[in-house]
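2 protein chains.
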Amino acid sequence: MTGPPDDVDFARFACPTAPRDGTHVTMGHGGGGALSRELLEEVFLPQFTNPVLAALGDSAVLPALPELAAGGRLAFSTDSFVVRPLFFPGGSIGDLAVNGTVNDLAMSGARPLWLAAGYIVEEGLPIEHLAAIVRHMAAAAAAAGVAIVTGDTKVVDRGHGDGCYVNTSGIGVVPPGVDLGPARVVPGDVLVVSGTVGDHGMAIMSVREGLAFEAPIASDTAPLHDLVAALLAACPRIRMFRDPTRGGVAATANEIALAARAGIVIDDAAVPVADAVASACEILGLDPLLVANEGKLVAVVPEADAPAVLALMRGHARGRAAAVIGRVVAEHPGLVVARTPLGGTRMVPLPIGEQLPRIC
Amino acid sequence: MTGPPDDVDFARFACPTAPRDGTHVTMGHGGGGALSRELLEEVFLPQFTNPVLAALGDSAVLPALPELAAGGRLAFSTDSFVVRPLFFPGGSIGDLAVNGTVNDLAMSGARPLWLAAGYIVEEGLPIEHLAAIVRHMAAAAAAAGVAIVTGDTKVVDRGHGDGCYVNTSGIGVVPPGVDLGPARVVPGDVLVVSGTVGDHGMAIMSVREGLAFEAPIASDTAPLHDLVAALLAACPRIRMFRDPTRGGVAATANEIALAARAGIVIDDAAVPVADAVASACEILGLDPLLVANEGKLVAVVPEADAPAVLALMRGHARGRAAAVIGRVVAEHPGLVVARTPLGGTRMVPLPIGEQLPRIC
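Residue numbers (numbering that gives the first Met the number 0), protein chains in the order written: chain A, 0 to 359; chain B, 0 to 359.
One or more hints might be untrue.
Just so you have them, the derived chain A footprint on chain B, three or more residues with Cβ under 8 Å [as the list claims (entries may be wrong)]:
id : region
1  : 30-44
2  : 49-57
3  : 132-146
4  : 157-170
5  : 201-210
6  : 313-321
7  : 348-356
Hints are computed from structural coordinates only; laboratory data are not their basis.
Beta carbons are placed, not taken as given, at the ideal position from N, Cα and C, and that holds for glycine.
Pulled out of the complex, with its shape left as it was, chain A reads as follows:
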């Protein structure tokens, strides 16, 4: 090859869009050059402070985990967040992105440890909005005791995104002896939900559709790993956990029924729903069982352990309104039904899609 001439003007080679106005994200912020580094140093690194991230390698190299030598296993999870709007009552896409992956790890019984964060940002997003999302993620990570150890930012053209999509992946460690899953579920077990259902979905709907309900509804976004750890310590016979996000408790119950090859009967009257959420669902003709949650879990436990599980949940900040909502049965394997307050029975099918798209 022959090199370019000595008098080359490097400015010519920069991103064709205005490199920056100082306040909005430009295409160049995703180019891996000086603007990317500026974003890293000014927006990300001041919030995500930890020695692993500070090394800025192509990948994060993690400290040793003594639990693995003792028979613990790694848990690994990923989730992308595309919620609209980016900020809503009770939280933001940043809170969801951290708590969502923390909770996916926790549902396997894992202690969440490390997160990776991937951003797809739309050209023109105010940098202050991105910075707010990052601050929320840093606060949520600190609250959940996890470190954000590696990341990536891409920028897409104006009109080709929705401000910001966030992906988080996480690594946790499942303590030795913990082995949860639907294979352990047997008829006679009961389903316990850790609190009111439908809060997150109705919070998004209220702000997105401009609906004003009697009382404001806030998202329940919260980390659940601490509740899970306390439950496993007290009741090691717990069969499994799952968090009822998209598709709500209805989707979760169907997934459990399918995977466990058992039937599930839900007691409609026992499902805890906050008054404001119940009112909003009635107005809109929605079933709270189908509405997404971001800070609740469903535990399947032996019936004999249910009182202890309930007592523990109700004494924990994340489980105040816990309730037994259903039972695993040998009949109709793979299907979920609900007993209505009037004494009837209705099918609770796996929802086709989601009542309210872009909920998380």
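We have chain A; now place chain B onto it with these hints.
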């Protein structure tokens, strides 16, 4: 609460968009319900076949890693891919997504093991396009010896994406005794590139801008972990690796210079560039040092090891055109310069943005 009446019509609660036409992605495919499951069972699971994924838990629980007990360390990486177009000469967003994260892990000296895949799909994408991306990912994962063990799919409204964005995160294990990084770089070391530079970026440019060059240019997307492992086995004194993706070799050299607090001098005449890429760069006024690669690495090695490193690379399928392209110096720490073929010196600054956005 009171439950809904017994004669409730569940179809009413399904996704408000047409649930499916069988050939295109709809909003409901991202809802976590029956359509999501259909996509999982028909598109993803048949390609990503492994027992960890098959458990379909909220997170993947991974098998034990004996290397960790022996002093190995985990490596963790994430990358989002937003390349346009989705399919291009030499590969697709699927190949990039697997090889990109495999390579980020490999640059830390890690043996890549497990990947997580997160999809953000635009409503209306032909399912056959998504299936093709998934097939490419499965083939790339098989070629790289990694398993895709967990995943997530979200759907965004028509016009709010670009067909498909893919995030991959990966876990690998850094063998005991391997500890790479810029802290090990010292003046006198040399930079070796594993092959021709600029192929990926010019392949994308040729297809995206509708340019017809003399010869077709194909992306170099390829996994590099095997080359890295062979190099580390033969030359344990290798200081560090980095893959020159966005921003090309120029960005990589600047990152190394900054992190190592040393200067770097590149020999322009020594940088290998394929004839077709060199011609295309001349026509367009681009510097190949600034153009992205997806299957090349830069190794920093002690000068005494350079002949062995070069010989090994040239004998490996991923390193046929390897060359020593520069040297680490004590002068001008943090800065990169190039000696031109005419004997002059030019600055090689960290590019501001990226010459060609959406390259990966």
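For each hint, the structure was consulted:
no. : hint    : result
1   : 30-44   : holds (count 7)
2   : 49-57   : holds (count 4)
3   : 132-146 : violated (count 0)
4   : 157-170 : holds (count 9)
5   : 201-210 : violated (count 0)
6   : 313-321 : violated (count 0)
7   : 348-356 : holds (count 8)
Figure legend: structure checked against the earlier numbered hints; hints not met, in rising order: 3, 5 and 6.
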